[in-house]
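> Just so you know, the sequences run in chain order A and R.
As numbered in the numbering used here, residues 1 to 266 make up the first sequence, in order.
As numbered in the numbering used here, residues 267 to 544 make up the second sequence, in order.
Don't take each hint at face value.
As the list claims (entries may be wrong) - Sample of chain A residues facing chain R (criterion: CB under 8 Å; computed from the structure):
(1) Ile133
(2) Ile162
(3) Arg184
(4) Phe188
(5) Ser190
(6) Glu217
(7) Cys226
(8) Thr234
(9) Arg235
Calculated directly from the structure, the hints in this document are not laboratory data.
Don't be surprised by glycine CBs; every beta carbon is placed ideally from N, CA and C.
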Amino acid sequence: MLKDITIGQHYPTGSLIHKLDARTKIIGTFAIIVSLFIGVNAPSYGLVALFIFLCVHISKIPKKFIVKGIKPLRIIIILTFLINIFMTQGEVLYNLGPLVITREGVRQGVFMAIRLALLVMGTSLLTLTTSPIALTDGIENLLKPFKKIGVPAHELAMMMTIALRFIPTLLEETDKIMKAQMARGADFESGNIISRAKGLVPLMVPLFISAFRRADELAMAMEARCYRGGDNRTRMKQARMLKIDYLSLLAIALLLAVLVLLRMLA
Amino acid sequence: MGQMITTNNLMYHYKNNEKEVLALKDVSLHVKEGEFVVIIGHNGSGKSTFAKHLNALLMPSSGDVIVKGLNTKDENKVWEVRQIAGMVFQNPDNQIVATIVEEDVAFGPENLGIPSEEIVRRVEEALKSVDMLDFRHKAPHLLSGGQKQRIAIAGVIAMRPDCLILDEPTAMLDPSGRREVINTIKRLNKEENITVIHITHFMEEAVDADRVIVMEDGEVILEGTPGEVFSQVDKLKSLGLDVPQVTDLANLLIKEGIDIPSDILTVDEMVMKLCQLK
Chain A
1 MLKDITIGQH YPTGSLIHKL DARTKIIGTF AIIVSLFIGV NAPSYGLVAL FIFLCVHISK
61 IPKKFIVKGI KPLRIIIILT FLINIFMTQG EVLYNLGPLV ITREGVRQGV FMAIRLALLV
121 MGTSLLTLTT SPIALTDGIE NLLKPFKKIG VPAHELAMMM TIALRFIPTL LEETDKIMKA
181 QMARGADFES GNIISRAKGL VPLMVPLFIS AFRRADELAM AMEARCYRGG DNRTRMKQAR
241 MLKIDYLSLL AIALLLAVLV LLRMLA
Chain R
267 MGQMITTNNL MYHYKNNEKE VLALKDVSLH VKEGEFVVII GHNGSGKSTF AKHLNALLMP
327 SSGDVIVKGL NTKDENKVWE VRQIAGMVFQ NPDNQIVATI VEEDVAFGPE NLGIPSEEIV
387 RRVEEALKSV DMLDFRHKAP HLLSGGQKQR IAIAGVIAMR PDCLILDEPT AMLDPSGRRE
447 VINTIKRLNK EENITVIHIT HFMEEAVDAD RVIVMEDGEV ILEGTPGEVF SQVDKLKSLG
507 LDVPQVTDLA NLLIKEGIDI PSDILTVDEM VMKLCQLK
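Excised from the complex, chain A in its bound form (with noise of 0.2 Å):
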C-alpha cells in the first residue's frame, strides 16, 4: 500500500529538470499552485497544463508514473466534481427530483477536478525530480532570510532530514513488532474499526518507546560529533544557482503574468 504513493518519492533520471537547483523547483512549484488559483477560463487551465506536460516531458520520468500519483486521489477528485455540479446555483441545465444540475455547476466542477489533478502533478514533479536531502537544503536556503525574525530555518531542514533518515528504520522496526506481537497471538487484522484500532496499542506503545530511546542516543552522538546547531556550519555540496536557474525562474515569471492578464481581461 505505502508503495503506490509516488508523492514524496524520489525518480532520479539525470534531466535538465533534475539538475535544477532545488531552490528554483520549491519557487517553481508554489508558482504552479498560484497560478492554478489565478486561472479562471479554459485557456488559462490550458496554459497551466501544457506547462505541466513540457515540464513532465523534460523531467524524462515515464508518464505512468505521474498518473500513478493521481490515481489514490481519484475518489477526491470524483467527490469535488460531483459536490461543485450539484451545489452550484445558476441556470438549470437537467432536473434530478431535488438535485439540480446548473451550467455553472458543470464548469465549476470541470475546473476543480483540472485543478486537482494538475495541483498533484505540480507538486508530485517536485519531489520526483529532487532528492529529499537537495529539497531540504533548498528550504533551509529559502528560509535563510527569514532567520533574523526569528525563524529556524537550520532546525527546520535538520529535522526533515532526521525524520527522513528514520522513516526507514523505523518501518523496518514497526514490522518486527508487528511480528513478535503476533507471535504472541496479537490480532491486527479481523473485527471492526474499533477493535482493530485497540489492537494497535500493542504496536504504538513498544514503537515510541523505541523512538524516544533512539532519538536520545542520537543526540548524544550528533553532540559528540560536535553538533551545536547551524551557527559556523558549513556544507560539503554548496547548491549554486547557475544561468539556467534563473531561465527557468523567467519562464514561471512570464507564465503567471499571462494568466494574470487573462484573468483581467476576462
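Starting from the known structure of chain A, fit chain R onto it as the hints suggest.
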C-alpha cells in the same frame, strides 16, 4: 610518547529515584599516544560511563579528565576535546544522521566549519580508510551492520581525531560484521597511529591489545598486558567474565600438572608451546 588521556581520581555519581548511585569510584588511568587499550567488564561496571567522560559528554563529579592537555571541565574547550577524542557508539542505526553515506561522513567536518573543498577531500580519505569508498552514494539503511558501523567510524575519522573511543561497537553485529570492524580499528591504530580505547565484552577482541583494563562496579580492578590479565583465569571467572578459550584450556592443562605458561592467548601460541613439551 606523550600522554593522550589522563584521568585523576575520577568520580561520578548520579541520582536515581532519590538514591545516590556511585557509577565511577576513583578511576585513575593513563593512556599513551598510539596505544591500543581494551576495557572489559560487564553491564553496569561503569565502562560506558567512563567512555562518555573521555569526550566531555559527561562531567566528573570530582577529579579530572585531561585529554591531550585539555581539561574536559573547561567549557571553552569542550568542542576541541570532542574533535580530539572521537566516539563511536553501540547502535549503528542511532548514530547515522544523513540519508546518504557521504553526507553522513561529512556531518562532523561540517560542524567544525571546515571549507567545502576540504570536506570533500576528508570524506573521501575517511571512506577509503574504512574501505567503504564504493558505497559513498548509497543509503545507509541498505547496508549491513558491519558496514554501517564502519561508516560511523569514517564519520569520526573525517574529523581527524587523535583518539578513537569505541563503546561496544561490535555488540550488535554478527561475527563477520564484528571481524570487519575490528580489522578496521586495528588498521587505523597501526597505520594512522590513532590511539584506540575499545570497550567490549568479547574477550577475543582484547587479545591483540597493548593493554587490557578490567572494570567492575565502577572501579579498575585489573590492568596489564593481555597475557598478564587473562592468566588470572580464576579471578576473572569469579567476576563472571570469560577468558579467551585457549587461555582457559591452558589453565585447565596447568591444573592437570602439564607444564605450559598460563598467558597463552592464541591457538598458534598454544600449538607452539604444546609441541615444545618434553
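> Hint by hint, note whether the structure agrees.
Hints, verified against the model:
no.: 1; hint: Ile133; in the structure: holds, 6 Å
no.: 2; hint: Ile162; in the structure: holds, 7 Å
no.: 3; hint: Arg184; in the structure: violated, 23 Å
no.: 4; hint: Phe188; in the structure: violated, 24 Å
no.: 5; hint: Ser190; in the structure: violated, 32 Å
no.: 6; hint: Glu217; in the structure: holds, 4 Å
no.: 7; hint: Cys226; in the structure: holds, 4 Å
no.: 8; hint: Thr234; in the structure: holds, 5 Å
no.: 9; hint: Arg235; in the structure: holds, 6 Å
Going down the numbered hints, you'll see the structure goes against 3, 4 and 5, while the others check out.
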